[in-house]
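My request is simple: use the sequences and hints to build the entire structure.
These protein sequence lines map, in sequence, to chains A and B.
With numbering that gives the first Met the number 0 applied, the first sequence covers 0 to 287.
With numbering that gives the first Met the number 0 applied, the second sequence covers 0 to 580.
Some hints could be false.
Each computed DSS-like pair below joins lysine-lysine, with the alpha-carbon atoms no more than 27 Å apart [said to hold, decoys possible]: (1) A/Lys84 / A/Lys253; (2) A/Lys4 / B/Lys522; (3) B/Lys447 / A/Lys11; (4) B/Lys522 / B/Lys555; (5) B/Lys438 / A/Lys278.
Derived from the structure by calculation, the hints contain no laboratory data.
Quick caveat, the model's predicted, so the values are computed rather than measured.
As a plain string of letters, each chain reads:
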Amino acid sequence: MATFKDFRNKVKPNWCPGCGDFSVQASIQRAAANVGLEPEDLAVISGIGCSGRISGYINSYGFHGIHGRVLPIAQGVKMANRNLKVIASGGDGDGFAIGMGHTIHAIRRNLDITYIVMDNQIYGLTKGQTSPRSEMGFKTKSTPEGSIESAVNVMEMALSAGATFVAQSFSSDLKELTSLIEQGIEHEGFSLINVFSPCVTYNKVNTYDWFKENLVSLDDIEGYDNSNRSKAMSTLMEHNSLVKGLIYQNKTQKSYQDLIHGYDENPLKDSDLKIEEEKFNELIAEFM
Amino acid sequence: MAEQLSWKVGGQQGEGIESTGEIFAITLNRLGYYLYGYRHFSSRIKGGHTNNKIRVSTSQVRSISDDLDILVAFDQETIDINVHELHSNGIVLADAKFNPTVPEDKDVTLYAVPFTEIATELGTSLMKNMVAVGASSAIMNLDPEAFREVVEEIFSRKGQQVVDKNMQAIEKGAAYVKNQSNGSLMQMELAKADGKKRMFMIGNDAIAMGFLAGGCRFMAAYPITPASEIMEYMIKKLPDLGGTVIQTEDEIAAATMAIGANYAGVRTITASAGPGLSLMMESIGLAGITETPLVIVDTQRGGPSTGLPTKQEQSDLMAMIYGTHGEIPKVVIAPSTVQEAFSDAIEALNIAEEYQVPVILLSDLQLSLGKQTVEPLAYEQIQVRRGKLDENPELPELGKGEYFKRYEVTKDGISPRILPGTKNGIFHVTGVEHDETGKPSELASNRKAQMDKRLRKLAKLPEVFDTPVYSDAIHEHPDVLFVGFISTRGAIEEAKARLEEEGIQVNHAHVRLIHPFPGDELKPLVERAKKVIVVENNATAQLANIIKMNVGNHDKITSILKYDGTPFLPGEIHERSKELL
Chain A
0 MATFKDFRNK
10 VKPNWCPGCG
20 DFSVQASIQR
30 AAANVGLEPE
40 DLAVISGIGC
50 SGRISGYINS
60 YGFHGIHGRV
70 LPIAQGVKMA
80 NRNLKVIASG
90 GDGDGFAIGM
100 GHTIHAIRRN
110 LDITYIVMDN
120 QIYGLTKGQT
130 SPRSEMGFKT
140 KSTPEGSIES
150 AVNVMEMALS
160 AGATFVAQSF
170 SSDLKELTSL
180 IEQGIEHEGF
190 SLINVFSPCV
200 TYNKVNTYDW
210 FKENLVSLDD
220 IEGYDNSNRS
230 KAMSTLMEHN
240 SLVKGLIYQN
250 KTQKSYQDLI
260 HGYDENPLKD
270 SDLKIEEEKF
280 NELIAEFM
Chain B
0 MAEQLSWKVG
10 GQQGEGIEST
20 GEIFAITLNR
30 LGYYLYGYRH
40 FSSRIKGGHT
50 NNKIRVSTSQ
60 VRSISDDLDI
70 LVAFDQETID
80 INVHELHSNG
90 IVLADAKFNP
100 TVPEDKDVTL
110 YAVPFTEIAT
120 ELGTSLMKNM
130 VAVGASSAIM
140 NLDPEAFREV
150 VEEIFSRKGQ
160 QVVDKNMQAI
170 EKGAAYVKNQ
180 SNGSLMQMEL
190 AKADGKKRMF
200 MIGNDAIAMG
210 FLAGGCRFMA
220 AYPITPASEI
230 MEYMIKKLPD
240 LGGTVIQTED
250 EIAAATMAIG
260 ANYAGVRTIT
270 ASAGPGLSLM
280 MESIGLAGIT
290 ETPLVIVDTQ
300 RGGPSTGLPT
310 KQEQSDLMAM
320 IYGTHGEIPK
330 VVIAPSTVQE
340 AFSDAIEALN
350 IAEEYQVPVI
360 LLSDLQLSLG
370 KQTVEPLAYE
380 QIQVRRGKLD
390 ENPELPELGK
400 GEYFKRYEVT
410 KDGISPRILP
420 GTKNGIFHVT
430 GVEHDETGKP
440 SELASNRKAQ
450 MDKRLRKLAK
460 LPEVFDTPVY
470 SDAIHEHPDV
480 LFVGFISTRG
490 AIEEAKARLE
500 EEGIQVNHAH
510 VRLIHPFPGD
520 ELKPLVERAK
530 KVIVVENNAT
540 AQLANIIKMN
550 VGNHDKITSI
560 LKYDGTPFLP
570 GEIHERSKEL
580 L
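Encoded structure:
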């Protein structure tokens, strides 16, 4: 049985000291071991940006793609080999700006992959521009007078788009984050885990201390029921989505692959590439 | 009796013009005639003039004809727009309902036939197209019974009565024309065909069949004219083979999803046209640098931007050769017939895996949508070659922090390939420049080694590719060499035959492997010719420029270009080449 150490490689991350992404990396490694995966059973697909480098820092199969396209690549991998556990990961710019179209449709499609967003509300690798997650009034290099656009509320959006697993966490809470990733991997469908992962270099507002002060744990809300979609939505609205924990899970909806007509239970990659002559002749006859 | 004739049916889009053409064409195909059909249509579902021109011949034809023998018109606009194509003694069969007229100075025979009235008497005006088929059969002296088989196939699920009514519509249409002519019926009878069974299909059907036969089991695509038929065919057929299609949110998702699935070991394709290909450019670069097999079909249409979405053009050539920023190995294959569309689709899958590169299968609207008679596609043409892919390797245990050398620098540039999921085979993939294990590296020496490795992969392809240049070049020093690509083949062949009859020696080459360019194969043909005329459907002579770049001889290379959205007619190439000679 692999331990979390087996998911480590010797590559030194190029993240700034104190970056929230270190804990996300550790949580993925722990969660993978905890659910019983071997390194070769896991494919980590990542986007572009500081956080996008994560696939190179985990000892598993990894694909570091192009900006904003992590989800279609990850879905393609899962379609080809349903035996692989597929984790897609990237930043808030990757998933909610350039890649937002894919995010909504991946949610709707409900393929069985886990999407972990390292959300720092800023563009880090390009040295401090506004992100679609930056709050109104947030000053950055590209918004010197403060952002005049609303921040996208991704948790509400995910619920509206028909998500079957929506969670949010904070990179300081390694234990909760690891547990949520485990639940995401085991969820049969698309799981979205948004992780507040502070940028210590460019975001001086949404800091570790800020999140500690402002985040409300769903465990502390009496009677919270994460199978109740409308309760989930009203709770998010009540707290301006500054909550952490498993917000919503629908355990009854089948995943995309379980709904495909005629789709093979074995990995598609193992299917026979040859076509029988008799079958081929039938196809030919249809055009005669 | 004629060896061939040309028939056209026209009316408003959405009033059954297509089905009229289908019933007529499928029947004649089954009698053993060779057909070639080309539809004039617009980006709308209802209304607007549409027509379907079908050439019928006792021998293979791969082009529309210059003129027209029979025009079937459901409205006056059809006559006004198309009557000029009719040669003298041509025939117009028009619905009497709109009191059709033909220009006085045009020497054609008009038969006003109450298509709608006869159909309505039989129960529904929808059958007016069957009356028109019947009227056409009378002109061609074809027994209406010939249509029964096709009518039964289409209507039998609606009951015998519907079949009978439709057959009556055909018979009444034929009888009306015969009676109206009072025994002096203008007839155009075709010589008898050989009765052999052949396929009747569009290029997109053949491309899709090639992919199925070549082991494609997944497709990710976004609908677009004129590529959607490929996706539609795969949606119908893949479930039987355990596979599936995802209609993605856009073409970027289509290309990147295909990259993910190919990386994980499934032969996956996507298909689009110019606008979609523009969106896929960054993905093509990703496939190039990550050495992930990827097959993309580009069914060219009129560009740029939305351009002429339902019209013929061949103007994506440069974009397909050079498109994506940076430099990658890429293959562009251009089938020139429906048979080649089938075999090249299979070959595209093989080349993508053997060389671990993106492959563009370059079609155009005329090849993709032109419906034609095709000799049955051969099972023997199907091969699956996956190159250096090892699907189930026994690999030695990796040391801590060690990765499999997925990008090992090898002599031929092609590295060993295994699939995610393989024990002891972990490697990294990234669009960032990387070392042999896929880990990011900016080292100058590594950059050069990896660039050189990737760019030498295709060095041998023009030598091993099957028929990189199709040629019909019997003359040692011809007066002219015609060069074309994709669907211009038929029109060039016919223009060549006419020039030969006039004593001009003509060779013909059709470039099938566009990139890497088969300069060694084309150069001798260019050098032997006194003049080279490159025939292409674009305004900037893209193929001619590629040829000049690769084989020189600038002074003897000239062009015949057409970029008005319509395909070349044999007569246009014939006339314009005489001006150039």
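Quiz prompt | Pairwise hint evaluation, A/Lys11 against B/Lys447, where the allowed Cα distance is 27 Å at most | solution = holds, 24 Å
Exercise. Take the C-alpha atoms of B/Lys522 and B/Lys555, compute the straight-line distance between them, and say whether it is at most 27 Å.
Key: With a Cα-Cα distance of about 12 Å, the restraint between B/Lys522 and B/Lys555 holds, given a limit of 27 Å.
Quiz item: Given the hinted pair A/Lys84 and A/Lys253, is their alpha-carbon gap at most 27 Å?
Solution: holds, 17 Å
Quiz item: Is B/Lys438 within 27 Å of A/Lys278, Cα to Cα?
Solution: violated, 44 Å
Quiz item: Straight-line Cα separation of A/Lys4 and B/Lys522 no greater than 27 Å?
Solution: Judged against 27 Å, a Cα distance of about 60 Å means the pair is violated.
Checked against the numbered hints given earlier, the structure breaks hints 2 and 5 and satisfies all the rest.
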